[in-house]
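Number of protein chains: 4
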Amino acid sequence: MNYNTSRLNVLSPDMSIADLKAEKLNKLTEIVSDVAGTLAKTVIERDKAGGTAKTERDLIRASGLLHISLPEEYGGWGLDWPEILGVVRTLAQTDSSLAHLLGFHYLQLATIDLYGSNAQRDELYQGTIKNNWFWGNALNSISASTTAVEQDGDYVLNGKKYYCSGAVDADMLLISAHFCDKLLVATAPTDREGITLNHDWDSFGQRQTDSGSVTITDLKIYQHEVLTSPGPAGSIRTTTRTSLTQLLLTNVYLGITESAFEQAKQYTLHQSKAWFASGVGHPGQDPYILRNYGNFWVQLQAAAQLVENAVDSFQHCWQLGNNITNSQRGKCAVDIATAKVFSTQTGLEICSKIFEVTGARATSGSQGIDRFWRNLRTHTLHDPIDYKLKELGDWALNEEFPEPGIYS
Amino acid sequence: MNYNTSRLNVLSPDMSIADLKAEKLNKLTEIVSDVAGTLAKTVIERDKAGGTAKTERDLIRASGLLHISLPEEYGGWGLDWPEILGVVRTLAQTDSSLAHLLGFHYLQLATIDLYGSNAQRDELYQGTIKNNWFWGNALNSISASTTAVEQDGDYVLNGKKYYCSGAVDADMLLISAHFCDKLLVATAPTDREGITLNHDWDSFGQRQTDSGSVTITDLKIYQHEVLTSPGPAGSIRTTTRTSLTQLLLTNVYLGITESAFEQAKQYTLHQSKAWFASGVGHPGQDPYILRNYGNFWVQLQAAAQLVENAVDSFQHCWQLGNNITNSQRGKCAVDIATAKVFSTQTGLEICSKIFEVTGARATSGSQGIDRFWRNLRTHTLHDPIDYKLKELGDWALNEEFPEPGIYS
Amino acid sequence: MNYNTSRLNVLSPDMSIADLKAEKLNKLTEIVSDVAGTLAKTVIERDKAGGTAKTERDLIRASGLLHISLPEEYGGWGLDWPEILGVVRTLAQTDSSLAHLLGFHYLQLATIDLYGSNAQRDELYQGTIKNNWFWGNALNSISASTTAVEQDGDYVLNGKKYYCSGAVDADMLLISAHFCDKLLVATAPTDREGITLNHDWDSFGQRQTDSGSVTITDLKIYQHEVLTSPGPAGSIRTTTRTSLTQLLLTNVYLGITESAFEQAKQYTLHQSKAWFASGVGHPGQDPYILRNYGNFWVQLQAAAQLVENAVDSFQHCWQLGNNITNSQRGKCAVDIATAKVFSTQTGLEICSKIFEVTGARATSGSQGIDRFWRNLRTHTLHDPIDYKLKELGDWALNEEFPEPGIYS
Amino acid sequence: MNYNTSRLNVLSPDMSIADLKAEKLNKLTEIVSDVAGTLAKTVIERDKAGGTAKTERDLIRASGLLHISLPEEYGGWGLDWPEILGVVRTLAQTDSSLAHLLGFHYLQLATIDLYGSNAQRDELYQGTIKNNWFWGNALNSISASTTAVEQDGDYVLNGKKYYCSGAVDADMLLISAHFCDKLLVATAPTDREGITLNHDWDSFGQRQTDSGSVTITDLKIYQHEVLTSPGPAGSIRTTTRTSLTQLLLTNVYLGITESAFEQAKQYTLHQSKAWFASGVGHPGQDPYILRNYGNFWVQLQAAAQLVENAVDSFQHCWQLGNNITNSQRGKCAVDIATAKVFSTQTGLEICSKIFEVTGARATSGSQGIDRFWRNLRTHTLHDPIDYKLKELGDWALNEEFPEPGIYS
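Top line first, the protein sequences correspond to chains L, V, U and R. The first sequence: position 37 = 71 (the numbering used here), numbered continuously. The second sequence: position 397 = 431 (the numbering used here), numbered continuously. The third sequence: position 255 = 289 (the numbering used here), numbered continuously. The fourth sequence: position 382 = 416 (the numbering used here), numbered continuously.
Bear in mind the hints are in silico, worked out from the structure with no lab data behind them. Take the hints with a grain of salt, since some may be wrong.
Claimed, not checked - Lysine-lysine pairs mimicking PhoX-like chemistry, simulated, CA-CA at most 25 angstroms apart: (1) U:Lys-88 - U:Lys-164; (2) V:Lys-194 - L:Lys-307; (3) R:Lys-194 - U:Lys-307; (4) L:Lys-307 - V:Lys-216; (5) L:Lys-164 - L:Lys-88; (6) V:Lys-387 - V:Lys-82; (7) L:Lys-194 - V:Lys-307; (8) L:Lys-216 - V:Lys-307; (9) L:Lys-82 - V:Lys-75; (10) L:Lys-387 - U:Lys-387; (11) R:Lys-82 - U:Lys-75; (12) U:Lys-88 - U:Lys-194; (13) U:Lys-82 - R:Lys-387; (14) V:Lys-82 - L:Lys-82; (15) V:Lys-387 - L:Lys-82; (16) R:Lys-88 - R:Lys-164; (17) L:Lys-216 - L:Lys-194; (18) R:Lys-82 - U:Lys-387; (19) L:Lys-75 - V:Lys-82; (20) U:Lys-194 - R:Lys-307; (21) U:Lys-82 - R:Lys-75; (22) L:Lys-387 - V:Lys-387; (23) U:Lys-307 - R:Lys-216; (24) L:Lys-387 - V:Lys-82; (25) R:Lys-387 - V:Lys-387; (26) R:Lys-194 - R:Lys-88; (27) R:Lys-387 - U:Lys-387; (28) R:Lys-82 - U:Lys-82; (29) U:Lys-75 - U:Lys-88.
Using the sequences and the hints, build the whole thing.
See the structure below:
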């Protein structure tokens, strides 16, 4: 995949990050390549089938990829965000549903670091390594329907959570609920009584993300399971959870679009025929097809540069820890929003226009090339792009940073 | 459906075409409305299922719509192209697969008029009325693989035809084959020995058009079934078959896009919620949502004007009959290509961007809103838009008309 | 100028408007052609010079074009808006400043009909014919700085008016002022004491429109000069003045863009050289140049259709007179706004991209090809296009008509 | 100028390039800031006047900026391309004509290094330092009209050179001529007999670049003035002259666009009024204006990232010296072409759309805001963007590098 100049090589042994041993990266490259290779074999039929990718989730479990973001002190790989997000983007080039789920696993683990106490981090990170937990999401703070009441020092939760990506088949969940005026964020095993996974995700894209609903009925949450500093209302550092969420999505968007480009390229080179009026023998010599590929290239390069810049920006913020200032957080949020907007716009255009360089036969269901547009279209609707642009305009014109929140 | 200012009212009794009785139009309006209403009930699930829409094809058979393009002297309705294509566009607003098939039925009937002798027209038009034939397409002259040999004054055909929209469940077919240096075009009943319908259409869009392949094995074609003046190599008038094909497709494109707009509108009005950062109570007051609808409106109006202009232009050419000159044919081809290019570009953009005015929940499979992009994307790849633009540029700059051919 | 299919032929004798004699149209065609021919000779140097086009205004005076919108009963030509606006658009294809001024002359005359009494119309229309008055604009109701006080049954005005297109060298002016809570609209000869033309128009486009300011100092306005039913606050019919203003501008936009297209075409055909890497002998055979021309063509056709539709819509409203309903007015306003938005967007793109089909040498000052972008850019900023889209969105989504006002 | 995240800070003392002393960068920052400040005072009126910016060229001469690209061993500053091109981009943010001329000065000096012998480099670099030569361009190899004949071991040239940016008021010129089948490249003092500067640059943009023609009449060129390894036909390294030319232009494009953005921003903040229908008190709160600024921001960030990536890529190639391989050269050419295409497309859009965030009054000639579009439009036509896209498509699809030539 030579179209990308930099980050796709993140996993190659010649990368210049001094504290990562070449052997470690060699191993990671091999793992990701193996997993992607296996996912690729069934991705088109699984897109058609939807539902839970149980076999593939177990493949990820077995691969060791669930541990790469955890510190070495707990037995993790201790990778930085450029590498972690590089794994997500690379897997998204093959299977954007599974990449999404793995990315959200890393997000939940980061959330424990951001929101929890040291003791909670110790316990949960050790548990993750020891039990090879796959984490899922039931933390969607915009939905106000789930509430907690106190009971003997613990809590009882009731309500319904939506867009719980990866809750199905998760071992552990992050769950949020409204308690008095605060947002309570807690962890719980998925199989605890009171948690019902509804298996109701039916969107036309990202079909194996199980982003459906979870019903919470008299769910007991123990005091020690409540993360101590919950939610966007906390310190500046805790608000970078939103930044990470947005950045994960952006890497998935880019991976989808890179994949669309690559599949189109292979199709044009090996399956398309020259248009009868083109006067050339192979579509790879057609002036209009070349022009379209040139346009895709330019847009993809710009997207990749912006995404990689945002990843570096986030890593910088992450390393600042609790010392992060509002303006450092703000600048990073701007970088991420910039990359997200551009990747969205560019990605949708490329995923729709690739058919103009492959021709009519590439619409065959056996090729599954429509999944790129469906996946990206579904995944880019969490928060409206116009409001993202407004936020960026407020920065560009008024030099006001985005206000930390659930989408910014 | 108030978004369209003119042609959607084609079927209303106040239209000012003197030779059409108000009663006839009232009846047509009623029929189309009934058929569309029935199709609408199952269109989303049938899109998922694909395959042959046998029940719906029989509904069309029963409706009388198969006869509207035939002259009154044969028992048809004697409608002009603005009305016939108005029916196609209106049905495409509900079910673009069935609209495509009905449109191609009209195309085959027009082909008989263009290519056949008076005797052939008499026989086949009478047969169509009497037997309520639904015509299908096996006339794809670009594929060179089907050939004919002469045998005792008749012909025997062998080969395979692709993109045979509507051949499955058709009563009669138009079939083409290469015979010596000529293109032989003939009619035959679909159930004749030697015709095998392969039921292999599997594109991700226009899923109920049965646009798959037909295998021809030792198919006997009788001399009287061969249309006398076949193919684009014939007189100027015969070359307007291509114009009609392109114009039919263009009306389907427009209908798809109008439908996407309308479903998005109803969703925004009745199901979407205002974005929390918008400061308004209803999405219908959101400044960005309104701006997007404004853009959709402007593009749709321009598309509709161009399509209606092209329809009028074609009707004018049709009425000229054999007197049509090269420049009259050329001007009409330019009008149609202009409408086709614009409808394609605009339609793809609208069918993808509508989700930005409905929000994430509208990606639910139960809504089926992705089908508009899938149908349009699949259907707009017959001939590359860049070459269409080149042709139009040759006209705009060099004042050269498109050369009559299978796509121009 | 064969690129336009319909309205540019408005002045040809084969037009099918029954009540316009062929001789009259022959004469009009000849006049417009003569005037345009003369304007063309100096338009590039006059664009550089800016200032008042005194000679060219006198040419228009001498041509008889100042009378074509007036009813035959007063000695005018009695033309309808399609013809009047056809003249404006045709002249804008040569000189968009002078076309603007002539269009505004027609606007002031229409204003008298809309706002004034029958007696005022009689007097001022007769005066226009008899004295060959060229009317100018000092009626910009958004600026609140000019006020009127009553004095002995008449009025005294003080203040400053901006964007007074064509006030310089005008014989008569329409002037507005705030009087109590109302807008007072009156006519006055330009040379009356108290009117100072400031000759301060210095925008980079539409440089000979003299759209600068007018200082009003103790200007006496007699009772009989005050039009009886002033302003947008009046009846529905009076509010169509705004519609006409917007429609005039839109016709000028289209004329500018058509002219840009035509000059580029002539340049490509006769002065450009084929790009060395194109492999063709003439730029007219270059696949990318052809594609660009195809794009220009499609956009121009759509713009022309929308503009002509809006013109017909306005003519229909005009003929309704005082019977016009709010929804008829609203539909026409939507048609005009649609055409205006599209012409603006398309025009700016074409006027900037034409250089990509002419090449670097076409930037020579002697060609003046940059004036199209400068004229259109300057002229399309009266009211923000985003708010126009919002208005159209309110119609498209909520079925609310634009509220009559100074820009809608 | 906070809108740019990285390279605009190139001149600030905290940059992390170890081998550049903070003092040197402090001094450079000060010089560039002073020069830009002085240029800014007259840039609008000089744009109107056109012609040779003699005073400003002398200001640059006096500033020391003519020496920064020369190695320290000759008394130059020894800066790398990121810093040199940072100066060009920064000056282009104020005055894109002078930035262009200074950039071309650096280009001629680099050409001596690429094409000349060590002795020639010694002599001409020393002469440049000692005499403070400002170099100009008469090396336009595409024009075949200038030829050389041998005479007594030296050469005599005749012909006419076009697009000789900065030849007027240059102290020294690089001149090319066709000699037999080769391109002869030589240096000569501008005041040598036989060189006539025609002062005929009259494009509507980049008006003070003196990019007109030079007439060559019996011009004597001595043997030692002929650079030894002339032209694109030479080694791989010599072909990077084209890369540098394209990269210089790209930095000027970006500087122009950044400047357009900045002037628009200041205008919106301090001179625009809120639109009456916006319901906000200041245009900086208008949702549509904010959205537009957000779009500008995203595009500018992407452009800046691509340009900076291309600059780094070129610096890398430069440092490889004669060891550069074809694929290293090719990759750099792809990076530069990518940045150039994107900067062109994005820049033209921004420079035209800024008026939609400033409003109509910003078209005043006193603001000169149209110069951004004029400068960029003029400067982006050297080679057609469609062919650049084709080249990039050939890379993206077929993995073929651009063939080295006068534009690639």
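Now the hints, each set against the structure:
Using a Cα cut-off of 25 angstroms, the hinted pair U:Lys-88 and U:Lys-164 holds, with the two alpha carbons roughly 21 angstroms apart. Our distance criterion of 25 angstroms between C-alpha atoms is met by V:Lys-194 and L:Lys-307, whose separation comes to about 18 angstroms. Of the supplied pair hints, the one linking R:Lys-194 and U:Lys-307 holds, its CA atoms being roughly 18 angstroms apart against a limit of 25 angstroms. Restraint check: the Cα-Cα separation between L:Lys-307 and V:Lys-216 comes to about 24 angstroms, which is no more than 25 angstroms; the hinted pair holds.
A distance of roughly 21 angstroms separates the Cα atoms of L:Lys-164 and L:Lys-88; the hinted pair therefore holds under the 25 angstroms criterion. A distance of roughly 22 angstroms separates the Cα atoms of V:Lys-387 and V:Lys-82; the hinted pair therefore holds under the 25 angstroms criterion. Between L:Lys-194 and V:Lys-307 the alpha-carbon distance is near 18 angstroms, which keeps this suggested pair within the 25 angstroms criterion. At roughly 24 angstroms between alpha-carbon atoms, L:Lys-216 and V:Lys-307 fall within 25 angstroms of each other, so this suggested pair holds.
Proximity of L:Lys-82 to V:Lys-75 is assessed by CA-CA distance (about 23 angstroms); at most 25 angstroms being required, the pair is judged to hold. Taking the CA atoms of L:Lys-387 and U:Lys-387, the gap is near 22 angstroms; set against the 25 angstroms cutoff, the hint holds. A hinted pair counts as satisfied when its Cα atoms are at most 25 angstroms apart, and R:Lys-82 with U:Lys-75 qualifies at roughly 23 angstroms. Restraint check: the Cα-Cα separation between U:Lys-88 and U:Lys-194 comes to about 24 angstroms, which is no more than 25 angstroms; the hinted pair holds.
The hinted pair formed by U:Lys-82 and R:Lys-387 meets the criterion: a straight-line CA distance of about 23 angstroms does not exceed 25 angstroms. A distance of roughly 10 angstroms separates the Cα atoms of V:Lys-82 and L:Lys-82; the hinted pair therefore holds under the 25 angstroms criterion. Distance hint between V:Lys-387 and L:Lys-82 is fulfilled; the C-alpha atoms sit about 23 angstroms from each other, no more than 25 angstroms. Using a Cα cut-off of 25 angstroms, the hinted pair R:Lys-88 and R:Lys-164 holds, with the two alpha carbons roughly 20 angstroms apart.
In summary, the hint linking L:Lys-216 to L:Lys-194 is supported, as the alpha carbons are separated by about 18 angstroms, within the 25 angstroms threshold. Using a Cα cut-off of 25 angstroms, the hinted pair R:Lys-82 and U:Lys-387 holds, with the two alpha carbons roughly 23 angstroms apart. For the given pair, L:Lys-75 sits about 23 angstroms from V:Lys-82 by alpha-carbon distance, which is consistent with the 25 angstroms threshold. Pair hint U:Lys-194 plus R:Lys-307 holds up; C-alpha atoms about 18 angstroms apart against a cutoff of 25 angstroms.
Only pairs whose Cα atoms come within 25 angstroms are accepted, and U:Lys-82 paired with R:Lys-75 is accepted, the gap being roughly 23 angstroms. For the proposed pair L:Lys-387 and V:Lys-387, the alpha carbon gap of about 14 angstroms is at most 25 angstroms, so the pair holds. A distance of roughly 24 angstroms separates the Cα atoms of U:Lys-307 and R:Lys-216; the hinted pair therefore holds under the 25 angstroms criterion. Using a Cα cut-off of 25 angstroms, the hinted pair L:Lys-387 and V:Lys-82 holds, with the two alpha carbons roughly 23 angstroms apart.
Among the hinted pairs, R:Lys-387 with V:Lys-387 is consistent with the structure: their alpha-carbon atoms are about 22 angstroms apart, no more than 25 angstroms. Our distance criterion of 25 angstroms between C-alpha atoms is met by R:Lys-194 and R:Lys-88, whose separation comes to about 24 angstroms. Between the alpha carbons of R:Lys-387 and U:Lys-387 the distance comes to roughly 14 angstroms, so the proposed pair stays at or under 25 angstroms and holds. Between R:Lys-82 and U:Lys-82 the alpha-carbon distance is near 10 angstroms, which keeps this suggested pair within the 25 angstroms criterion.
With a C-alpha separation of about 15 angstroms, the suggested pair U:Lys-75 and U:Lys-88 falls inside the 25 angstroms cut-off, and the hint holds.
Of the hints listed earlier, there is not a single one the structure fails to meet.
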